[in-house]
Amino acid sequence: MEVLKIATAGSVDDGKSTLIGRILYDTKSLTSDKLEAIEKTSKQKGYDYLDFSLATDGLVAEREQGITIDVAHIYFSTQTKSYIIADTPGHVEYTRNMVTGASTSQAAIILIDARKGVIEQTNRHFFINNLLRVKEVIVAINKMDLVDFSEDIYNKIKADFETLMEKRDYQDQNITFIPVSALKGDNVVHISKNTPWYKGQTLLEHFELLDTEDVYNVGTPRFPVQYVIRPKTEEFHDFRGYAGKVYGGELSVGDVVVALPSQTKSKIKEIYLYDQSYQTASRRSSVTITLEDDINVSRGDMLVKVDDLPTIDKQFTATISWMDSQHLVTGNKYVLQHGVNKVLAKVDAIHHKIHPDYSGIEEHISALGMNDIASVTFKLNKTIFFDPFKNHRTNGSFILIDSQSNNTVGAGFIQ
Numbered sequence: 001m002e003v004l005k006i007a008t009a010g011s012v013d014d015g016k017s018t019l020i021g022r023i024l025y026d027t028k029s030l031t032s033d034k035l036e037a038i039e040k041t042s043k044q045k046g047y048d049y050l051d052f053s054l055a056t057d058g059l060v061a062e063r064e065q066g067i068t069i070d071v072a073h074i075y076f077s078t079q080t081k082s083y084i085i086a087d088t089p090g091h092v093e094y095t096r097n098m099v100t101g102a103s104t105s106q107a108a109i110i111l112i113d114a115r116k117g118v119i120e121q122t123n124r125h126f127f128i129n130n131l132l133r134v135k136e137v138i139v140a141i142n143k144m145d146l147v148d149f150s151e152d153i154y155n156k157i158k159a160d161f162e163t164l165m166e167k168r169d170y171q172d173q174n175i176t177f178i179p180v181s182a183l184k185g186d187n188v189v190h191i192s193k194n195t196p197w198y199k200g201q202t203l204l205e206h207f208e209l210l211d212t213e214d215v216y217n218v219g220t221p222r223f224p225v226q227y228v229i230r231p232k233t234e235e236f237h238d239f240r241g242y243a244g245k246v247y248g249g250e251l252s253v254g255d256v257v258v259a260l261p262s263q264t265k266s267k268i269k270e271i272y273l274y275d276q277s278y279q280t281a282s283r284r285s286s287v288t289i290t291l292e293d294d295i296n297v298s299r300g301d302m303l304v305k306v307d308d309l310p311t312i313d314k315q316f317t318a319t320i321s322w323m324d325s326q327h328l329v330t331g332n333k334y335v336l337q338h339g340v341n342k343v344l345a346k347v348d349a350i351h352h353k354i355h356p357d358y359s360g361i362e363e364h365i366s367a368l369g370m371n372d373i374a375s376v377t378f379k380l381n382k383t384i385f386f387d388p389f390k391n392h393r394t395n396g397s398f399i400l401i402d403s404q405s406n407n408t409v410g411a412g413f414i415q
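Position one of the sequence shown corresponds to residue 1 (the UniProt record's numbering), numbered consecutively onward.
Simulated from the structure, these hints should not be mistaken for lab results. Just so it is clear, CB atoms sit at the ideal spot from N, CA and C, and this is done for glycine as well. Hints may be right or wrong, so weigh each one.
[Claimed, not checked] Each pair of labels, with its calculated beta carbon distance range:
no. : residue 1 : residue 2 : range
1   : E270      : S77       : 28 to 38 Å
2   : K167      : R299      : 37 to 47 Å
3   : P196      : Y274      : 47 to 57 Å
4   : G254      : I312      : 20 to 30 Å
5   : Q415      : E151      : 14 to 24 Å
6   : S82       : G254      : 50 to 60 Å
7   : V12       : D48       : 19 to 29 Å
8   : K199      : S366      : 47 to 57 Å
9   : S82       : I119      : 27 to 37 Å
10  : K28       : Q315      : 37 to 47 Å
[Stated by the list, open to error] Lysine-lysine pairs mimicking DSSO-like chemistry, simulated, CA-CA at most 30 Å apart:
no. : residue 1 : residue 2
11  : K81       : K245
12  : K193      : K314
13  : K184      : K167
14  : K45       : K116
15  : K333      : K314
16  : K167      : K43
17  : K269      : K232
18  : K45       : K81
19  : K28       : K40
20  : K305      : K199
21  : K135      : K28
22  : K232      : K135
23  : K346      : K382
24  : K81       : K135
25  : K28       : K232
26  : K346      : K314
27  : K305      : K158
28  : K135      : K333
29  : K265      : K232
30  : K245      : K305
Using the sequences provided together with the hints, build the complete structure.
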């Protein structure tokens, strides 16, 4: 079954958790005991409606304050797809959580309160989805029931957001606008009679019709080797296969490839998925590849087409989302994990801080604090093979790890 990962983004009280709870309720994905707990708690709070946000706000502090703090992953399925929704917090101080939630998502829902329209936080949410190259973005204009399902208000918010879209640098993004009421269920799973002027799909219908292959950014094929398979049995005494996942494009039997970092050439001899052999490995398929020549390939190496090499260097500049309370300053050293490779990285220069509300950049920065986003140059102790993030999401991203605490302190996107 196809799997679609969706990130949510919205300001405080825009109704993200309620929207997800409504989807779970209308798709009958809530267990009976969970539904009973929601009904009981809603009555205790004096509500004359079901508080669906209780389905996702799991922390005690979240339920007491009625806000989302941590990134919660919610799972549900329909007849055609499995879904993973990352419910991310909307507060400014949780920018790092939004980056975490959106970094592995193929689609995103940006919620806008119909009473408030496009606000500063909306700019920040759109900036993060643009930075992370999320291809499918649904702008859900929520709480339409509180503005009498006004088409004029919907069109005004849509026009304001389209003005914001002019600032983006990722032009392949597909933006879809849907008027919804998460609390009442309008246009979430079922089409609403209250919006006869809206001729589009419901939120769930839109996701159901998305081609999960199409939502991935197409790039050049990259095959990072995760494991070298040597059975050493009587039947497969000399078998040597390289297991991994194909990213960006396709690899086929007969393709001339280069093994990095050794830059040794060979040809793809066979492609296996378990015990079945195939002529072509499509992007995002996990396969085992054998080569015609017995060359030295280890875990962490990468197979690429001979005429399509990535950059091989010990230095690069990247956009960094800083996630730690300890500041990042020039000269600091971190473990940089790029794919399965880990290298030592030194901060060479902090060029400027980027304001994620599209208000510009701030130069002459000496340090980065938690939730800051900035352009930073790193020097490495050995070469890695990378692509710009805008061309290849997988091979252009990395994380920074504090070698003492072993905490992930930053996420990076190579420029």
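Q | Beta-carbon spacing of Q415 to E151 - inside the hinted bounds 14 to 24 Å or not | A | violated, 42 Å
Q) Going straight from one Cα to the other, do K184 and K167 come out at no more than 30 Å? A) Violated. K184 to K167 sits at ~34 Å, over the 30 Å cutoff.
Q.
If I claimed the Cβ atoms of S82 and I119 lie 27 to 37 Å apart, would that claim hold in this structure?
A. Check passed, 33 Å falls within 27 to 37 Å.
**Q.** Distance restraint between K265 and K232, which requires alpha-carbon spacing of 30 Å or less
**A.** holds, 25 Å
Q) Going straight from one Cα to the other, do K305 and K158 come out at no more than 30 Å? A) Answer violated: K305 to K158 is near 43 Å, above 30 Å.
(Q) With the threshold set at 30 Å, check whether the alpha-carbon distance from K45 to K116 stays at or below it. (A) Satisfied, since the Cα-Cα distance of roughly 26 Å is no more than 30 Å.
**Q.** Pair hint outcome, K193 versus K314 [Cα-Cα no greater than 30 Å]
**A.** Not satisfied, since the Cα-Cα distance of roughly 59 Å exceeds 30 Å.
Q: Return holds or violated for the Cβ distance of S82 and G254 against the range 50 to 60 Å.
A: Given range 50 to 60 Å: violated, Cβ gap about 34 Å.
Q) Does the Cβ pair E270, S77 satisfy 28 to 38 Å? A) Given a distance of about 34 Å, which is inside 28 to 38 Å, the answer is holds.
Q: State, for the Cβ atoms of G254 and I312, whether the hinted interval 20 to 30 Å holds or is violated.
A: 25 Å Cβ-Cβ, so the 20 to 30 Å window holds.
**Q.** Hinted pair K28 and K232, Cα distance within 30 Å
**A.** violated, 50 Å
Q | Cβ distance range 19 to 29 Å for V12 and D48, holds or violated | A | holds, 23 Å
Of the numbered hints stated above, those contradicted by the structure are hints 5, 6, 10, 12, 13, 16, 18, 20, 22, 25, 27, 28, listed in ascending order.
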